[in-house]
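Taking the hints into account, I'd like the entire structure generated from these sequences.
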Amino acid sequence: MAGKSTDSDVPQVQIRFITKQQQFAVPDFPLSVPAPVIAVELNTLVNELLKESIDAAKFIEFDFLVCSEFLRSSLAEHLEERGVSTEQVIDVEYLEKHPEPEPQDCLIHDDWVSAVAVCEKWILTGCYDNTLHIWTTKGKHRLTIPGHTSPIKAVAWISLGEETGTFVSASQDQTAIIWDWNISGNSVDCVHVCKGHERSLESVGVNYDSSLMATGSWDTMLKIWSASTQDDDDGESSSKRTKTEHGKTRTPKVTLKGHKEAISSVKWSDKSEIITSSWDHTLKLWDSELGGIKQEIPGNKSFFDVDYSPLSGTLITASADKHIRLYDPRSTEGAVVKATFTSHTQWVQCVSWSTTQDYLFLSGAYDNQVKLWDTRSPKVPLYDLSGHEDKVLSCNWSNPKLMVSGGADNTVRIFKSKYAMC
Amino acid sequence: MGAPKKALKRKQGISKLKPDAESSKNEESNSDNAVDFGTEDLLAAELNGDGDSTDEEIEENEVPDSDAEQDPTIFDSDDPDESLIEFETGSEDNDSEELEFEEDDDVDDDDDEEEEEDEDEDENEEEEHENSESEGNTPPPKTNNKSLIKSSIGKEDSSNNSFSRRDNTVLDKMTERQHKSKNQIEQKSSNMRNTSRQKNSQKSVNTKISSIKPHITNLSSGADEYENDTSDEEDIRNTVGNIPMKWYDEYPHIGYDWDGKKILKPQKGDQLDNFLKRMEDPDFWRTIKDPQTGQDVILSEADIDLITRIQKQKIPDAQFDEYAPWVEWFTSEVMKMPLRKFPEHKRSFLPSKVEAKKVSKLVHALKMGWIKSTAELEKERAQKNKDPQFYMLWQTDDQPEEMRRIHKHIPAPKRHLPGHAESYNPPPEYLFDSKELKQWNKLKSTPWKRKLHFVPQKFNSLRDVPAYPRYIKERFQRCLDLYLCPRALKMRLTIDPEVLVPQLPSPKDLQPFPTIMSMVFKGHTDMVRSITAEAKGQFIASGGDDMTLKIWEVATGRCLKTVPCGGIIRSVAWCPNQAISLIAVAADKKVLLINPGVGDHLITSKTDQLLEIIPQSDVIVNERVKAAVQWEQTEGENWQKGIRGILNHFQNVKQVTWHGKGDYFATVMPEGQNRSVLINQLSKRRSQIPFSRSKGLIQCVLFHPIRPFLFVATQRNVRVYDLMKQEMVKKLLSNSQWISTMAIHPGGDNILVGTYDRKMLWFDLDLSTKPYQTLRLHGTGVRGVAFHKRYPLFASGADDRGLIISHGMVYNDLLQNPLIVPLKRLCNHESYNDFGILDVMFHPIQPWVFSAGADATIRMYT
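These protein sequences, in sequence, are chains A and B.
1 is the number of the first residue of the first sequence in the UniProt record's numbering; add one for each residue after it.
1 is the number of the first residue of the second sequence in the UniProt record's numbering; add one for each residue after it.
Careful: at least some of the hints might be erroneous.
[As the list claims (entries may be wrong)] Using 30 Å as the maximum straight-line C-alpha spacing, the simulated DSSO-like pairs for lysine-lysine come out as follows:
hint : chain 1 : residue 1 : chain 2 : residue 2
1    : A       : Lys195    : B       : Lys561
2    : B       : Lys561    : B       : Lys522
3    : B       : Lys606    : A       : Lys338
4    : B       : Lys606    : A       : Lys195
Hints listed in this document are in silico derivations from the structure and should not be mistaken for laboratory results.
Given below as structure tokens:
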């Protein structure tokens, strides 16, 4: 392979292949390759090497990390961009390429799907026609749940058992409703109606042990509610009063004031920490126990969505521009923005980390595209998951195998994510 | 007695003159000395300069006194003419005499000799006179005489004097006749004596005169002087003074003597007497009449001699040796030691500073080569002549002609030098081939397009070259060109165009501002004429020609609600009061108050409640208002649609706008004449017509965000009314044809006015009523302008589909004028019926802008 392009005028670069995936290890000696070599050629080279060593019959596609970024252009350009000398031996890490997600299903709704949440094999969607839908990952519609009086803006699973599942939905009718779903009976029950916001709710987030949930709203308030289905915590008087009404009205445990404008997204980063993104160009980290702001990260555009990855401890945000930004809330000095991912052409509306891999995340934007990103490749996404015919309003990757997105084309698109490794 | 007398006489003259000339006693003494030692006296007189002439004078003066009465006429009279005439009449026959005297007048200096004689006579006469006549000397001369005599002569003179005194007294009593005869007799005798006596004195005089002569000739005007001077001495006998004697013609006397007695005229006698006299008297010819005394004076021999000498232009003194050896009294040689009493001034020993300066300047100039010494110049000239001399053949071409009369003369452009084509024997490639010739001929009608204005020709020799036929014509045309095309210096300004562009900050520094289109709100089926945003910025509402009001969610572009309004919606306005959820919609003649039912449920329900109840009021609605607008409560279907109230206007409503507090809203009906503007109060369901007279076609109105001002835009101007005081505060002159829309800066001091003639006018109310800046950013009429509530941004949309975002910073500092920087032109709408953007609006919080287009879309730019 190397001999194929050993023209004297082409500059040569010394590289050494390394990998963390032991099954694909190749001998650790430097190779001389022409500088303008591209990933595909390296791929063939590695496969040749592998053939020699482990006699693997299958042709495996690899991605190459040079200077901890994916090699997307030629090696020479890549090195030049990062200002790395071509005199030294360059370590080229290779890893098995993430397999392309395959479109699996398209769930057709009656109206815009503004919220989608996946839990194991159930897909919960919220629609602009004020209804919730439950689907199986196989694309089977299980239930339509009316109840809200305004478009639903967010949904979240609280718990899912063998028999019952609990989830919450937030709507523009200024309420969030906690539903109890009897799976076998396929009946749903409105457990609690969380009233307290003065304007339409934008998002809802449930903490990891499903004891609390937080909602953000256009009234700029962040409210923390109990997520349990039992109304043990509240006083009797209120529950008595609310029992007379439809379901049980729940009041917020804590109301946190701090944002100046609508809170667009609420995420729990651990048991007590809440991360919110707002239209007032800030991200805020709240301590739910103490009820105060821990940290504020200013941006320069309205934030539409934020997601926290417990694996890497970083944040990705979608804001009122075409960029996805990676924030590290732990770093205090220097630029808070660690990376900017630009490929979308319109507002990015939703982002979602992979729950299993530190580098991967999903984004949905108003340019009808859902993109799969690797944080090591900021310029080019790994894959474009096209299929939506209108704005993508929400996406979810809670189930590592399924990438789900809902859009203004009244559909939910499901892509099957094949596992690349492990 | 004679000789000393004469000397005395002389002295008298001298002394008399001296006071006139210098009046110095030294000289008197000198003259005194002169008497004593003959020559010395003369010398002194000469030194005085006037000496000899004085002598003459005296003699002249004294002549009449002594012998002949006619003498004075000659010398004494002021008027020579007069005296002449007299003389003539008196003694016509004495031609010679006449001549003599005339000459005497003219050339005083020459008759010295005669005068000398006269002198002698005079002296005699004087004596006699003194004896015979009592007239005597005037006191001053007397004293003069006295003093002189005293000082110089002594005894002699004193005796003489006393004698004369005596004479005076004696003579008084004598008759004229006697006197005259006596005189004559005396004169004669004296004359006789004189001749003998004269000699000693005259000698000296002669020498004197000879020496003086050159001086006298110089002093030509001296004679007159003496005549005048001696005048007072003339009248020693006749005291009338120096007057014309003709005054006494009619009197028997001729004047008065010293004692005041009349001097009688002598008997004239008739012709016969005269004749007899002439016949008898042998001295008649020498008798002249003294006009002063009227006496006849017989001239002595000496007198005659003198006169004749003068007539002959000889030196009057016969004894004078003209050719006497020259005594060099003053040497002509330059003496070594100057005859100066005082030493040289100090500065004559010191070098002059001024000179030193001049010299140093010259030296410097020499050093620098600015000037050259004559030697150097000479050298150069020689060098020049030696070298071969060259000159520029084309010098006149290089240097501009000197045209001094023409100010800033620009020389005529030079003609090109002839090229090869012009040669009589051009290289063959310059000769036209047939194609080129054809081309050349083709351009006959437009000869200036030809490459050459002639056809190159080839001749074998210069001899064969004919005269150039177009020479005269071309010369003439060249002259015409030069004459008819005035040449002027073109002042080309080398101004960098960049410099002219005002220093504006880079748009990059003025972020954030909308740059790209982010959302398209699709749903309308026809032109969207108006948009409005909810105060929080979560929703917007729009209305247009499809007669529906649509409520949109900003974040997603979702149309949440559609309310059919039953008329073309020309204006929508969300109530700025956040406690009320209400949109005012102007649909044709109706203004609908619509509760969109979005946002806070509590507020929407409260709004419904509020509008359900009709407030009771006692105020009787004005007929005029009633005709213009009626409030209508809605029920049933309309209520279901969200319509909570209807205001039925009598004309199409073009605009509806809320006051900042959300209770009042104004509606505009451009065709409403004097009821174009209505101000409606929501809480009382009441309307008012603020203006009774229409000021023109009202385009739009605007409430001031803070103060109770109402801006009313007619076609040309914007009027600012104070609603509290109910008066006009200001009139903003737009200077444009037709105002379309306006927007007010949230600060309230700046107004942006869009016009259909493509302009945007920024009025700073603090500055003037004229636009602070006129922005011509659009190619067509401006339809919508808007200010951002928080960011220093404004936007404008026009029929050219362009939405222009500008930075409009208003500073709190009143001294700083607003900064206006156009930032971005966004052109995403499609044109529809020549309409582009119909309305422009900013997001109330975010730096996003919305434009409502005729293509039935609303676009949001972020």
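Verification of the supplied hints:
The straight-line distance between the Cα atoms of A/Lys195 and B/Lys561 is roughly 24 Å, inside the 30 Å bound, and the hint therefore holds. At most 30 Å may separate the alpha-carbon atoms for a hinted pair to count; B/Lys561 and B/Lys522 meet this at roughly 13 Å. With a CA separation close to 48 Å, the supplied pair B/Lys606 and A/Lys338 exceeds the 30 Å bound. Taken as a hint, the B/Lys606 and A/Lys195 pair is honoured in the structure, with Cα atoms around 18 Å apart against an allowance of 30 Å.
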